[in-house]
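Residue numbers (our numbering), protein chains in the order written: chain A, 1 to 103; chain B, 1 to 218.
Some hints here could point you the wrong way.
Stated by the list, open to error - Straight line, CA to CA, 25 angstroms or less: simulated DSS-like cross-link-like pairs of lysine-lysine:
#, chain 1, residue 1, chain 2, residue 2
1, B, Lys61, A, Lys27
2, A, Lys49, A, Lys27
3, B, Lys61, B, Lys47
4, B, Lys86, A, Lys27
5, A, Lys27, B, Lys84
6, A, Lys99, A, Lys27
7, B, Lys84, A, Lys49
8, B, Lys141, B, Lys84
Keep in mind the hints are simulated off the structure, nothing from the lab.
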Amino acid sequence: MRSHHDMGGLPAGRVEATGHDYALWEKRVDALMELLAGVGRMTVDELRKNIEAIGPDAYDRMTYYERWIHSISQTLIQRGVITIDELGRKMAQVEARHKEEGR
Amino acid sequence: MHEHPHDHDGHSHGHSDPHPGVRPDADDTLSYYQVMEIAVRELLIEKGVLSADAIRREVEKMDARSPALGAQVIARAWIDPAFKAKLLERGNDALVDLGLERGPYRLVVVENTADVHNVVVCTLCSCYPRWLLGLPPDWYKSRNYRSRVVREPRAVLREFGLDLSERVTVRVHDSTANMRYLVLPARPAGTERWGEQQLAAVVTRDCMIGVAVPTASS
Numbered sequence: 001m002r003s004h005h006d007m008g009g010l011p012a013g014r015v016e017a018t019g020h021d022y023a024l025w026e027k028r029v030d031a032l033m034e035l036l037a038g039v040g041r042m043t044v045d046e047l048r049k050n051i052e053a054i055g056p057d058a059y060d061r062m063t064y065y066e067r068w069i070h071s072i073s074q075t076l077i078q079r080g081v082i083t084i085d086e087l088g089r090k091m092a093q094v095e096a097r098h099k100e101e102g103r
Numbered sequence: 001m002h003e004h005p006h007d008h009d010g011h012s013h014g015h016s017d018p019h020p021g022v023r024p025d026a027d028d029t030l031s032y033y034q035v036m037e038i039a040v041r042e043l044l045i046e047k048g049v050l051s052a053d054a055i056r057r058e059v060e061k062m063d064a065r066s067p068a069l070g071a072q073v074i075a076r077a078w079i080d081p082a083f084k085a086k087l088l089e090r091g092n093d094a095l096v097d098l099g100l101e102r103g104p105y106r107l108v109v110v111e112n113t114a115d116v117h118n119v120v121v122c123t124l125c126s127c128y129p130r131w132l133l134g135l136p137p138d139w140y141k142s143r144n145y146r147s148r149v150v151r152e153p154r155a156v157l158r159e160f161g162l163d164l165s166e167r168v169t170v171r172v173h174d175s176t177a178n179m180r181y182l183v184l185p186a187r188p189a190g191t192e193r194w195g196e197q198q199l200a201a202v203v204t205r206d207c208m209i210g211v212a213v214p215t216a217s218s
């Protein structure tokens, strides 16, 4: 069966010449990938595998670098570099810190 | 929602976005995935896998890459036949001659002529000669471009404002994980007396992807 990311030749809408200046967080996601590959903690194939595993609805709903950071964290969990609990706790901390700073 | 970082289905992005990959800035709030980026980055730094300095330097390196690098390559190919021959045959070696990064992937340069027009896509994801052009534009990564340009390239090119004669053969190149394409556009008429810098100035990113052609007036 054809996977969702394998879209060459399928009907689709008009191409709008969209672009945007990449936000710092997006560039950081890109940098994380480059650097993790450089130190042998992740391969581009793992990046793709974990992006291609995203369900069709989520794939279309997520932005490009959202798919990347999702895939990077999945790979790091799969490799045992981080645990899912560590990530959940850290994300809660980051959110709490941000709310605190926003006041 | 932070209890389930693996479950993106439980998370709502609010509104449907007409331009995938582009969402208005919301400076005062962090999205779920922005929080995830910060968390992953901090965990990697705490564990000593990466350093904050290395991440900062990587972002700076990325900011320094732009289509101006690719344009420099094209302009040289237009004025130096020996360089052009090498670029078409051994692209990465030719880059080194110009003092540019050799690049992590094999560079395949495809030449536009009076009879052939080339256009590049990555139908499966977003492969792009980033070390020569910087990060790809959103449309290059969009479903509409990736799906359609391999099936109806002339119609897609018309949407970019490029209406090619039926006499011109259109070749669509679908990238793979191990190589990257760069289009060598045809040198525009009326530029015979131009110098290298002036030539480079008319070579846009879109010309090197193949959805536009340079003109002397651009």
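These are the hints, each one checked on the structure:
1. Lys61(B) / Lys27(A): Judged against 25 angstroms, a Cα distance of about 10 angstroms means the pair holds.
2. Lys49(A) / Lys27(A): 21 angstroms, holds
3. Lys61(B) / Lys47(B): Measuring from Cα to Cα gives roughly 24 angstroms; hence the hint holds.
4. Lys86(B) / Lys27(A): 33 angstroms, violated
5. Lys27(A) / Lys84(B): Roughly 33 angstroms separates the two Cα atoms, so the pair is violated.
6. Lys99(A) / Lys27(A): With a Cα-Cα distance of about 23 angstroms, the restraint between lysine 99(A) and lysine 27(A) holds, given a limit of 25 angstroms.
7. Lys84(B) / Lys49(A): 37 angstroms, violated
8. Lys141(B) / Lys84(B): 29 angstroms, violated
Checked against the numbered hints listed earlier, the structure breaks hints 4, 5, 7, 8; every other hint is satisfied.
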